[in-house]
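K.L.:
From first to last, the protein sequence lines stand for chains A and B. According to this note's numbering, the first sequence holds residues 12 to 386 in order. According to this note's numbering, the second sequence holds residues 4 to 541 in order.
For the record, the hints were derived by calculation from the structure and aren't laboratory data. Glycine residues also receive a C-beta, built at the ideal position from the N, C-alpha and C atoms. Do not take every clue at face value.
Stretch by stretch, here's where chain A covers chain B in the computed footprint (C-beta under 8 angstroms, at least three residues) [said to hold, decoys possible]:
#, stretch
1, 79-88
2, 279-291
Partial selection, computed: residues in chain B whose CB lies under 7 angstroms from chain A [as the list claims (entries may be wrong)]:
#, residue
3, Thr362
4, Pro364
5, Ser365
6, Asp368
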Amino acid sequence: MSQQPRRQRTASEPVLSVENLRTEFHTDKEVIRAIDDVSFDVHPGETVGIVGESGSGKSVTARSIMGLVDDPGRILDGSSIRFRGEELVGKTEDEYRDVRGDGIAMVFQDPLSSLNPVYTVGNQIKEALKLHQGLTGKAATDRAAELLKAVSIPDARRRLTEYPHQFSGGMRQRAVIAMALACDPDLLICDEPTTALDVTIQAQILELLNDIQDAEDLAIVFITHDMGVIAQVADRVNVMYAGEFVEKAPVEELFANPRHPYTQSLLESIPGRGDADERLQSIEGDVPTPHGAATYCRFAPRCPKAFDECDAIHPAHVDVGEEDVEHTAACLLYPDDLPQEEALAIHQEHQTEAERTGDGDAQLVDENTPPEEEQ
Amino acid sequence: MTEVVESDESAREEDVLVEVNGLKKYYDAGSLTGTPVKAVDGVDFDIRRGETLGLVGESGCGKTTLGRTLVHLEAATEGEVLFDGRDVTSLSGNELKRWRRNAQIVFQDPESSLNDRMTVGEIVREPLDVHDWPTLTVRVAGDPDATVTGDAEAVGPTATGRDVDVTVTVSGDDADVAVRDSLPIGPEDLAVDVDSGSTTTVDVELLPSKAQVRRAHVRELLERVGMQREHYFRYPHQFSGGQRQRIGIARALALEPEFVVLDEPVSALDVSVQAKILNLLEDLQDEFGLTYLFIAHDLAVVRHICDRVAVMYLGNVMELGAADSLFDEPANPYTHSLLSAIPEPDPTIESDPITLRGTPPSPRDPPTGCPFSTRCPAKIRPEAFDDLDDETWAAIDDLHRIVRERGRAERSLRERAREVLGMETRFSDVEDIVVEVFGRLDRTPDTTAERSFEAMMDALPRDVRGPLVDVTDHLRENREEDALERLLDAFGSECDATSPAYYDVDEGGRVSMCHRHDPAYDDVGPVLEERYGDYAGR
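Hey, can you work out the whole structure from these sequences and the hints?
P.N.:
In structure tokens:
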């Protein structure tokens, strides 16, 4: 995991461009807006981190990009996911399969459940090679062995003939990464790839991802709940809360100068940052389940800085950083160089705008009942 | 039965609650299939009254087994666990049940450790029902020979603290009754009848039913762990992970234990919820004078909550000492590596961790010598190879690991038959392996055409080449054991030969298990610096 200088954003076209992504799940009881108006770009060679607590919508974001949102979930109209300029929203399953084979790959959290226990590891890598690159026979075996070597599995040819249960946890995740690399992707989505692993193994996997990224100029979307991991791997970070991005910033900027109260609380609750004798800061309550477009700030019930207007106006993203850094936060406290009324007016305007441009269900939302509260 | 020492810091310092001596837990020990799994392989340590001892290590290192063995959920294979000076590994039956009130455990996964078909109240109340709580122990002040009848029983003269529920002071036929504070009853709930004949007889009757007392106690516990009394009749699925963990904690505290094993109590929780549970655990420790064994793999959490820390690897305690000094100046190479692998939540740290190669060996087949010798970044190298560069050493270590792996790999009958007949198997491509491992070196040829086995060997120094040729020959004939022996013979050192002793590494009584602490060798710090330069975690 040796540290390169942080990659500068190039003028190149983004590999992936997500705009106004909204994903809902329709059940008999209720409609859950798992992702609400999420936008971000990923450029070649950079790592974009998405960080948040469980239930904040990180994994659904990944699955939406991969086209893996199944019924009763659906991506709402007006959402756009463009990969290399090509619109992915609305593609059929067959069309999507081509995209997955030819450019986007995903690494899941639990390596044991992403591997089939009754086939050898070699068999599964070769299946990916056959589907995506048309390789068969000896050519496929050779390429599979090369891929295993590329993810630093020693004695690769023997390992190809073994089953997933004969691999250790870290080795399994390497094999899964090898399968992801089989389709020679431009974009790799890693959904908590090291959460199930020990720290020493985690360090190996992060180092491996970093090496692969450098070698292939790969774009990576890295999803995790671990602020330590995000600090080490990401170039830019999006902080996710209840289906929304609440703060976006380059990684150093985010850790040095967190602006959204949620990001601040999240950083304060990590043990070891402050004095060991101090009590840990915690955030009261739980992540709420969003049921539609919000006309209020979703973090307000847990926010130490909330004021009356937080329940009435939905905050928009505003610039909160220095001139030359892209740092935005969705909070009514900002922009803090304006008097409060003017700041509120800006957010109010955004909200009216959003309601007028078709997000018509905004008025249906007040059924948001907070779940069982953590006392 | 026990002495509760009041909060005298200096006395508490030396006051050992749990003493573990040579504890071993082997699985499959008596089986015919050969070697046992050595989950815990001989550990010694003390836990002082009122402290929190952390137990850290990678998964599979035996930390959970050790915790479970301490509270007698697993029977120890060898060694003793002295609880207040009494060996508890041999307890059984009623004695064991009585003792269990003192030692409880909180499990890792709040999703699976609560029965979804029981209400929260039933779950927390279950230990009370099992132990027929409250037993209402009575001391008759100044008269140890007095007989106690009714719903209560007399306690011995040495019992103090929570072992005495009711104190009765007799004056004539009248009695002055005092009830321990933490019980949910008062003197008014007891009917005490004194008969001062030749021997004093005290008859104690509990007016509310035991069920009522238990319910009241459970409600108080729920409130104490940050839930509401009304949650008594709800079911676990109605609560979030953090709240479920609170229920698990309430259940562990129901019998007022002195010692609680916390087995990864916050690992399944989000960081903000985790902070709340850690704060709660600290509050409860202060309030009830609890002693914790805190098992975790998250070192930041351990540093925050623990007084002392034991670092475990492959069933052995590698280093044990005060948390602050252990984290600030680690002594053992394993502690160094573990600390250096933690990603710091600070992107400005340009860290270059010591990345350990490979995975921990199987506890069924631990290495000879030091348990960490197969991955150790500071391993002692034989003097004969003083001049050999780090890169070549890394390749030799890689080959070593591959040979170990191959020796352990299962062979089907078909594969064995093919080997005997000299046919090709998946274990055949030995030369390719050697080329793969040594082909990365600067000194060996780059171009694919030149990367033959012979060219590779020629590029290596003579004293390295000789043993490697032998090793390759052994492997070609599927004699992994011989190959391993040859490797150890040529490149092994003290680390592979003998298990290191514990050395004192600071004035605070910190101990570490490593040959490098022997003055005959360079110490760990300078060696790591020489081999890895400015690595993280220092």
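K.L.:
Starting from the hint list further up, note which numbers the structure goes against and sort them upward.
P.N.:
1, 4, 5, 6
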